[in-house]
Amino acid sequence: MTTDTLHPLAAEYLERLRRAGRSLPSGRRRELLAEIEGHLSEAIDPSASDAEALTVIDKLGQPEEIIAAEMPPRDELPERRGIREWGAIILLLFGGFIFVVGWFAGLVLLWSSRAWTTRDKWIGTLVIPGGLATSLIVGLVVGGSVTKKMCKGFAGGIQRCTNVGGPNTSSTVLGIVVFSVLVLAPIASSIYLARRAV
Amino acid sequence: MTTEGTLYPLLGRLRREGAVDTAWRESPSGPPRRYYRLTPDGQAALDGFLIEWTRFRDSVDALLGNGVLR
Chain C
1 MTTDTLHPLA AEYLERLRRA GRSLPSGRRR ELLAEIEGHL SEAIDPSASD
51 AEALTVIDKL GQPEEIIAAE MPPRDELPER RGIREWGAII LLLFGGFIFV
101 VGWFAGLVLL WSSRAWTTRD KWIGTLVIPG GLATSLIVGL VVGGSVTKKM
151 CKGFAGGIQR CTNVGGPNTS STVLGIVVFS VLVLAPIASS IYLARRAV
Chain L
1 MTTEGTLYPL LGRLRREGAV DTAWRESPSG PPRRYYRLTP DGQAALDGFL
51 IEWTRFRDSV DALLGNGVLR
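Here the protein sequences come in this chain order: C and L.
Residue 1 is where the first sequence starts when you use the numbering used here, and the numbers rise one by one after that.
Residue 1 is where the second sequence starts when you use the numbering used here, and the numbers rise one by one after that.
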C-alpha cells in the first residue's frame, strides 16, 4: 500500500470508497481505487491542511456516488438462470450417465454462460468431473474391493473372518464416508451453482 | 456541478468500449499515473459526435432565430 504517502483524510476517504465498493466486481473495484488513489495523491499534499484536503475530497464527491457510476448498467449485468444455466447444472450432475458426453455438454454450457464467475465455473468443473456417474463408479470400485476382502475372509473360514473383522469394519466405514462425500460433493456443487446464478 | 470522482467510472467505460487507450507510467511523486489517449475508434466516435452536435446546435439556433419558440 502507498497510503503512507497520502494525507490522512485522503486515506480515510479511500477506505470509505473501498467499503462502499464491496458489491463491485473485484477487478473494477481495484482499478477504480487505484485511479482515485492516484487522484488523491496528486491533488492533496501529505502535509496539506485538513481544510485543503477536505476541499479536494468534497469536489471528488461521495464514495457511494462514484460506486453507483461504476456499477454496470442493467444490460451488462450477468444473465439470470435460464435454460442454459439449468441445462448446465443438470448435465454436470447427471450427464456422466449419458455416455460421459452429457457431462462434457454440461461443461460447454457452464463455460459459455455469463451467469457465473470464472471461480464458480472452476468449482463446477472440478467438483466433481463426471458428476454423480463418477461417484457411482468410484463407489462401486471401492465398495467392490471391500466386499472382495470380506469374501476372502469368509472363504478362508469363519475363524479367520472374525479375526480380520476389525480392519474390515473400519474399511467399510471409510468406504461409506468416501462414497457419501463423492455423492454429496457434486450435489453440493450443483446447489452452489444454482444459487450463484441469480 | 458534477462530482469529479464520477469521471473515473466514465473513463473506465470508454476504455472498455475501446474508445481510449491507457498506459501506466511511473510518477515522480506518489503512485503510478494512468495516461489516457484516444484510439482511432474513439477519434472516429468523437468526429461523428461533433458533426451530430453541430447539426443539432444549428437546428436549435435556427428554431430560436426564427422566433418559432418565442
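Think of the hints as simulated: they come from the structure by calculation, not from any bench.
Careful: at least some of the hints might be erroneous.
As the list claims (entries may be wrong) - Computed Cβ-Cβ distance ranges for the label pairs, DEER-style:
1) 3(L) - 82(C): 33 to 39 Å
2) 35(L) - 65(C): 22 to 28 Å
3) 63(L) - 46(C): 50 to 56 Å
4) 52(L) - 30(C): 33 to 39 Å
5) 3(L) - 99(C): 26 to 32 Å
6) 26(C) - 64(L): 47 to 53 Å
7) 62(L) - 30(C): 47 to 53 Å
8) 26(C) - 56(L): 39 to 45 Å
9) 23(C) - 10(L): 41 to 47 Å
10) 10(L) - 184(C): 45 to 51 Å
Glycine included, every Cβ here is placed at the ideal spot set by N, Cα and C.
Tested hints:
1. Remark: the range hint 33 to 39 Å for residue 3(L) to residue 82(C) is upheld by a beta-carbon distance near 37 Å.
2. Between residue 35(L) and residue 65(C) the Cβ separation comes to about 25 Å, which falls inside the hinted range of 22 to 28 Å.
3. Look at residue 63(L) against residue 46(C): about 54 Å separates their beta carbons, and that is inside 50 to 56 Å.
4. Hint check: residue 52(L) to residue 30(C), Cβ distance near 35 Å, so the stated range 33 to 39 Å holds.
5. Range check, residue 3(L) to residue 99(C): Cβ separation about 59 Å, and the 26 to 32 Å hint is violated.
6. Between residue 26(C) and residue 64(L), the C-beta spacing of about 50 Å keeps the proposed range 47 to 53 Å intact.
7. Checked against the given bound of 47 to 53 Å, the beta carbons of residue 62(L) and residue 30(C), roughly 49 Å apart, stay inside it.
8. In this structure, residue 26(C) and residue 56(L) meet the distance hint of 39 to 45 Å, their C-beta atoms being roughly 40 Å apart.
9. A C-beta distance of roughly 19 Å is found between residue 23(C) and residue 10(L), which places it outside the suggested range of 41 to 47 Å.
10. In this structure the supplied range 45 to 51 Å holds for residue 10(L) paired with residue 184(C), their Cβ-Cβ distance being about 47 Å.
Violated hints, in rising order: 5, 9; the structure is consistent with all others.
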